[in-house]
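Going line by line, the protein sequences match chains A and B.
Read in order, the letters of the first sequence correspond to residues 2 to 708 in the working numbering.
Read in order, the letters of the second sequence correspond to residues 2 to 708 in the working numbering.
No lab work stands behind these hints, which were simulated from the structure alone.
Since this is a predicted model, take the numbers as computed values, not measurements.
From the three backbone atoms N, C-alpha and C, an ideal C-beta is built for every residue, glycine too.
Just to be clear, a hint being listed does not mean it is correct.
Keeping only pairs whose Cα atoms sit at most 20 Å apart, straight-line, the calculated SDA-like set for lysine to any residue is [claimed, not checked]: (1) Lys-703(A) - Ala-482(A); (2) Lys-97(A) - Phe-121(A); (3) Lys-651(A) - Gly-610(B); (4) Lys-322(A) - Thr-283(B); (5) Lys-430(A) - Lys-420(B); (6) Lys-265(A) - Lys-236(A); (7) Lys-420(A) - Asn-152(B); (8) Lys-617(A) - Gly-646(B).
Simulated restraints on C-beta separations [said to hold, decoys possible]: (9) Lys-400(B) - Asp-329(A): 54 to 60 Å; (10) Leu-489(B) - Ile-463(A): 58 to 64 Å; (11) Ala-568(A) - Lys-651(B): 31 to 37 Å; (12) Arg-454(B) - Gln-629(A): 42 to 48 Å; (13) Glu-52(A) - Gly-300(B): 54 to 60 Å; (14) Asp-329(A) - Arg-698(B): 57 to 63 Å.
Facing chain A, from chain B, some residues (calculated, C-beta under 10 Å) [what the hints assert, rightly or not]: (15) Ile-29; (16) Glu-108; (17) Phe-148; (18) Thr-175; (19) Thr-177; (20) Gly-181; (21) Ala-247; (22) Gly-249; (23) Asp-438; (24) Cys-672.
There are 2 protein chains.
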Amino acid sequence: MYKNPDIKYLFEPRGVAIIGASRDKSKIGHKFVENIHASGYKGKLYPVNPEGGEILGYKVYKNVEEIDGEVDIACIIIPAKYVFDSVKSCAAKGVKFAVIIASGFSEVGNSSEEKKIVAFAREHGMRVLGPNIFGVYSAVSCMNATFGPSNVRPGGVAVITQSGAIGVGMMGKTVTENIGLSAIISVGNKSDLDESDLLEYLVEQEQTKIILMYVEGISEGERLVSILKKAVLKKPIVILKSGRSARGAMAAASHTSSLAGEDKVFDDIIKQCGVLRAETITDALTWVRYLANIPVPKGENTVIITNGGGIGVLAADACEKFNVNLYDNQTVLNKTFSNVIPSFGSSKNPIDLSGQAPVSYYDSALTAALNNPEIHSVICLGCETAVFDPDVFSQVVQKQGVGYSKSKPLVYSLFGGSKIDHYVREFQKHDVPAFQDVYESISLLGAVYSNYRTLHQPPDPIQTIDMDGDKMNEIIRKVRADDRTFLLAAEAQAMMQIAGLPMPKSRIAHKLDEAIAYAEEIGYPVVMKIVSKDIIHKSDAGGVALDLGNRKEVMDAYEAIMHNARAYKADAKIEGVQVDEMVRDDVETIIGARRDLSFGPIVMFGLGGIYVEVMKDIAFRTFPLGRQEVLKMISQIRSYPLLLGVRGEKRKDIDKVVDVIMRVGTVLLKCKDITDIEVNPLVVYSQGEGARAVDVRILLSKPQEAI
Amino acid sequence: MYKNPDIKYLFEPRGVAIIGASRDKSKIGHKFVENIHASGYKGKLYPVNPEGGEILGYKVYKNVEEIDGEVDIACIIIPAKYVFDSVKSCAAKGVKFAVIIASGFSEVGNSSEEKKIVAFAREHGMRVLGPNIFGVYSAVSCMNATFGPSNVRPGGVAVITQSGAIGVGMMGKTVTENIGLSAIISVGNKSDLDESDLLEYLVEQEQTKIILMYVEGISEGERLVSILKKAVLKKPIVILKSGRSARGAMAAASHTSSLAGEDKVFDDIIKQCGVLRAETITDALTWVRYLANIPVPKGENTVIITNGGGIGVLAADACEKFNVNLYDNQTVLNKTFSNVIPSFGSSKNPIDLSGQAPVSYYDSALTAALNNPEIHSVICLGCETAVFDPDVFSQVVQKQGVGYSKSKPLVYSLFGGSKIDHYVREFQKHDVPAFQDVYESISLLGAVYSNYRTLHQPPDPIQTIDMDGDKMNEIIRKVRADDRTFLLAAEAQAMMQIAGLPMPKSRIAHKLDEAIAYAEEIGYPVVMKIVSKDIIHKSDAGGVALDLGNRKEVMDAYEAIMHNARAYKADAKIEGVQVDEMVRDDVETIIGARRDLSFGPIVMFGLGGIYVEVMKDIAFRTFPLGRQEVLKMISQIRSYPLLLGVRGEKRKDIDKVVDVIMRVGTVLLKCKDITDIEVNPLVVYSQGEGARAVDVRILLSKPQEAI
């Protein structure tokens, strides 16, 4: 079932040893024994302390080896300097997981000790969780092996957190908010086990309906991406990542030992995976709380029902912000609502029952909306006015909740006094997605639709493009032999020629006849340049002629170039005259591929000039990928309308852009030495007319980095 | 004191008539009498109903005229069709304000009745509030003349709302949230009195500490802007405006009778005024609740104190989002905190006390931060961990609250279980700005700083630029005479010449000698063009020569142009040859000025090409304005770095851009007929080298619109 079948024992251990168990109630080593005991853990609990004795009725073992039963996990709660010895004992006993609670390792710069411990553990068939963590809670084993609150509610939400404080805070918060947990695991320094390992188990585990991850940095991003892509088809995954802003990233770098990376890359890739990214803890908890229970909608037609025009407009604003699509088929809307709204209301979406409508209108309007198969989800807004009675409204909610909300998403925003306050809390207790602010309910519906789109995206098979990797790597070998980590222009061009990129046509003529023949073959206008190792500054030497429009101009230019070259340097060895296609002006794009430190091979797309540099208008994806995803990537940038054609211009050759992105990505995969490719600019012509890769820059890894 | 001194009587009426008062408890006409009675209104209450009798012990008058005392306001709660007659009676009685609660007017398309009523009222010295409103609450008179909740808490927050439902909901919400109101007024259709009229009173009124406005559309924006600019210096003003998104604006247009206008224009101008714009009702209420009580900081050095690195990073993200500046002077930070944080903590901002720090560390760290004059505000974060005891923490909050928070902004975000939940509510009840999500507390601090910047902006006197308006209006008269609403290129150029815009130099030569002399005077390179009414397509006729670099080229080109012209059309009447400065390529900008339907004269700035069109990278301001504000406007666009110089280019001549914006705005003020001016492009050269207005388009109002 799992790549690492043992991972099951981290969540369903047969025996747990608490190394550093303490009788002192103020100690964390006591809290662990207490919490595991209180949670009704199904396996065997073995407190370990050289002093022996008893804690809470459990026999205390002097060391791990002494224990006679199976010990699947050992929670190590002793000072950092003693941890290695303890890990050795665990290995001797055959413990499967060392759960190192202790801090004082890489998070304070002490990486060597951490590495030593992990290396030893792995050698001896043991895996390490932590160090610098608060532990593991697993509902399926009724095991609360943490120093967090003892009264965790079992349920369907699994949490993986890189921050201990946020994790412990969240344990408390989920209790207060009635959110049930299937597991909460602290990964801390991620010295060995990381999110990916834990996801492998949680994605398959039946009790877990939805997964929330708090992340500060990603190390093995490639593996994580491949797990996430499959996982989201089984259950929704929500990620909260800090370090979104430049200032936050700085703070993250100074406090966590893992690399933060560029947030924009993370953001694009996590969305590519179909993962929901929350910005705030509040949103993250709201989403995981309701998302697993709200039915997946059958389509994107959302209707707002309101008793206030103003709040309806605020909701429409929120719908645009959170990407919720308001239904606009006025014929259907009229038919659905004309009989159930008062004459002074409006059947335009937002459906306005008006401030004079008593609650009974809500009942009819909700029934009409929920019964109409053309309407796929409903946002119900209510302001407490003179005729809006929250007590009556709560009965409507109960009725609709039982009758319909199982079939379609139905979220509520209610605004008013103490009765509203009371009912919103009550509704939430009964898992009805009701909120006070319209932005809260619509942010949730936005997450519902984001998940819907992930589940409904058409198959998008990864495309492979045939190209001669050997031939490309041969060029690279020559560059390596020359002790360079960059390719010369001609080498990069040769690479791209092999990769099948649309390069400007170019030939080298050795005499006038050839120059004319090549120019006719390439098509006018052409550019001509002297080719000579002895003439570096071709323009200064009068060795360049632009925009040659016909045979006559080519002849004149050839003579002039030759004449000028000889005049410039009489003894120059002239190899010929290069005849190039003259690249027309059109939309300039930048296409890149690089080996990202977090995510491995990624591709990049943006518009040329200063869009990427100044406007940060750029999109990223991991590679390889399917055609649809490349199109999504291209259409994601703000300047995309330029490719669709503005000011009456024709649509540009977007297919060609897709093809070039695919090819550039493939080169990166075929040539392990390459770290960076940048095609800048790729000039894109009108649809059907292709593109031209004018300039290409390719960098190689430093020799020691070569794979 | 007020432009309209009577406005005082709307808030402090000596007598209130309730026209349509009812004995039926289910009627709004009853609710008014009940609410005014319950609130302990200080003036005289006069229920009016043709049936007479008594309501709640008050004598019911058969009509308004019958009342013997002063009636400053009459609340009219009868069907729309009877309102006009009632207004007539009010006029006869000498009522100062007709507060028309009734709906059924312009909001349902019945504008004529509404206009008739207002016209009559104004003629008879009476002002109208509404129609389609829920009434007025005024704490100073203990008057709750609304059909909202009866238990409004008096306090310092004034609310003006265009939406009835949101307003009534807000009355309830403020009670639940312990927010005290000085006034809440519903403006509804704004047929006569609007936000500006009410602001004139509220800004001066002592009880009002802060003002919240809910707005859907602005009509007399010019007046509002001038009031707001002065008002923000006396008390903070928060605006919540719906219709932010395209979809929301559509919804707003369909439900409100007032024009929504472009949200981007509204947003820029409202910020120009120093008004705080909230996106959500939650933010708006949070801000008005705390902003008046939190001291204005003395500077922008903010410090985060936390017990969790992760939540510290989330807070740093929020600080960037909400424009809160984190203090980074490490010398001062070390000195301040090194003695009060544990060895495993960090004195880098966010100051990390670490998860192992008990609450006592907070006490020391907060004391250190609050006592240090270099630190101007503090964000205190706490995750409920094993050693973080909320009970103890609440004592720290109490102590700091009393001791220091009066001198500096200090906001809290606390995350954890039920105790945290409890204390956050408790703190809020005692007006301590404590929240559960970091984004909430930092959004509030962002508002504090936004207000701080408004109060601390240096004087920025409005600049006037001298130009000959008569001469410009003379050109316009000719255009009018020609029955056009647009200026020809030459006319627009002449206008801009008078306005002192940097136009490309241009002369018309009638013979070769002149052409040469003009070219030398203008400076090479120049462009030459044939001038002849008989030759429209100059290029086709060979009548244009570009990039002429010297005397010889000018001579050749002159001969060629003349020759070509004659060859093209032998009988063409040739007026001469235009010699133009050739405009060098550089950064292209667009500068505009227009008469906005909501805000009157406004100016616009963006970068040329597709930045404005596709990227919507554009900034607006009302005009006239000061130099500093123009600079702010320019630096606000995302593509601003292009003007600062990217890729090693020099800084552009931003001073010249400021000057052109000032001049274009001034033209709009001087020429009342002009509706639109667009300079596109204004090519901006390096600093000190000026700019060139290459093309200018000027539109006039349609004749019937002319002022």
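Cross-check of the supplied hints:
This hinted pair checks out: Lys-703(A) and Ala-482(A) have alpha carbons roughly 13 Å apart, not beyond 20 Å. With a CA separation close to 13 Å, the supplied pair Lys-97(A) and Phe-121(A) stays within the 20 Å bound. Distance restraint check for Lys-651(A) and Gly-610(B): the Cα-Cα separation of roughly 17 Å lies within the 20 Å cut-off, and the hinted pair is therefore satisfied. For the proposed pair Lys-322(A) and Thr-283(B), the alpha carbon gap of about 17 Å is at most 20 Å, so the pair holds.
Straight-line distance between C-alpha atoms of Lys-430(A) and Lys-420(B) comes to about 18 Å, which keeps the hinted pair within the 20 Å bound. Annotation: proposed proximity of Lys-265(A) to Lys-236(A) is violated, straight-line Cα distance about 25 Å (limit 20 Å). Proximity of Lys-420(A) to Asn-152(B) is assessed by CA-CA distance (about 13 Å); at most 20 Å being required, the pair is judged to hold. The hinted pair formed by Lys-617(A) and Gly-646(B) meets the criterion: a straight-line CA distance of about 16 Å does not exceed 20 Å.
About 57 Å separates the C-beta atoms of Lys-400(B) and Asp-329(A), a value consistent with the hinted range of 54 to 60 Å. Remark: the range hint 58 to 64 Å for Leu-489(B) to Ile-463(A) is upheld by a beta-carbon distance near 59 Å. Between Ala-568(A) and Lys-651(B) the C-beta distance comes to about 36 Å, which sits within the given range of 31 to 37 Å. Between Arg-454(B) and Gln-629(A) the beta carbon distance is about 46 Å. The supplied range of 42 to 48 Å therefore holds.
For the hinted restraint 54 to 60 Å between Glu-52(A) and Gly-300(B), the CB-CB distance of approximately 55 Å keeps it satisfied. Checked against the hint of 57 to 63 Å, the C-beta distance between Asp-329(A) and Arg-698(B) comes to roughly 35 Å, which is inconsistent with it. Interface hint at Ile-29(B): satisfied, since its Cβ lies 6 Å from the closest Cβ of chain A, which is below the 10 Å cut-off. Taking 10 Å as the C-beta cut-off, the interface hint given for Glu-108(B) holds, the closest approach to chain A being about 8 Å.
Against a cut-off of 10 Å between C-beta atoms, the interface hint on Phe-148(B) holds, since the closest Cβ of chain A lies about 5 Å away. Restraint check, Thr-175(B) versus chain A: the minimum CB separation of about 9 Å is within 10 Å; hint holds. Interface restraint check for Thr-177(B): the shortest CB-CB distance to chain A comes to about 5 Å, inside 10 Å, so the restraint holds. Violation of the interface hint for Gly-181(B) is found here, the shortest Cβ-Cβ separation to chain A being roughly 15 Å, above the 10 Å cut-off.
This hint holds: Ala-247(B) has a C-beta 7 Å from the nearest C-beta of chain A, less than the 10 Å allowed. Checking Gly-249(B) against chain A: minimum C-beta separation of about 4 Å stays under 10 Å; hint holds. Among the interface hints, the one on Asp-438(B) holds; its C-beta lies about 4 Å from the nearest C-beta in chain A, closer than the 10 Å criterion. For Cys-672(B), the shortest C-beta to C-beta distance to chain A is roughly 29 Å, which exceeds 10 Å, and the interface hint is violated.
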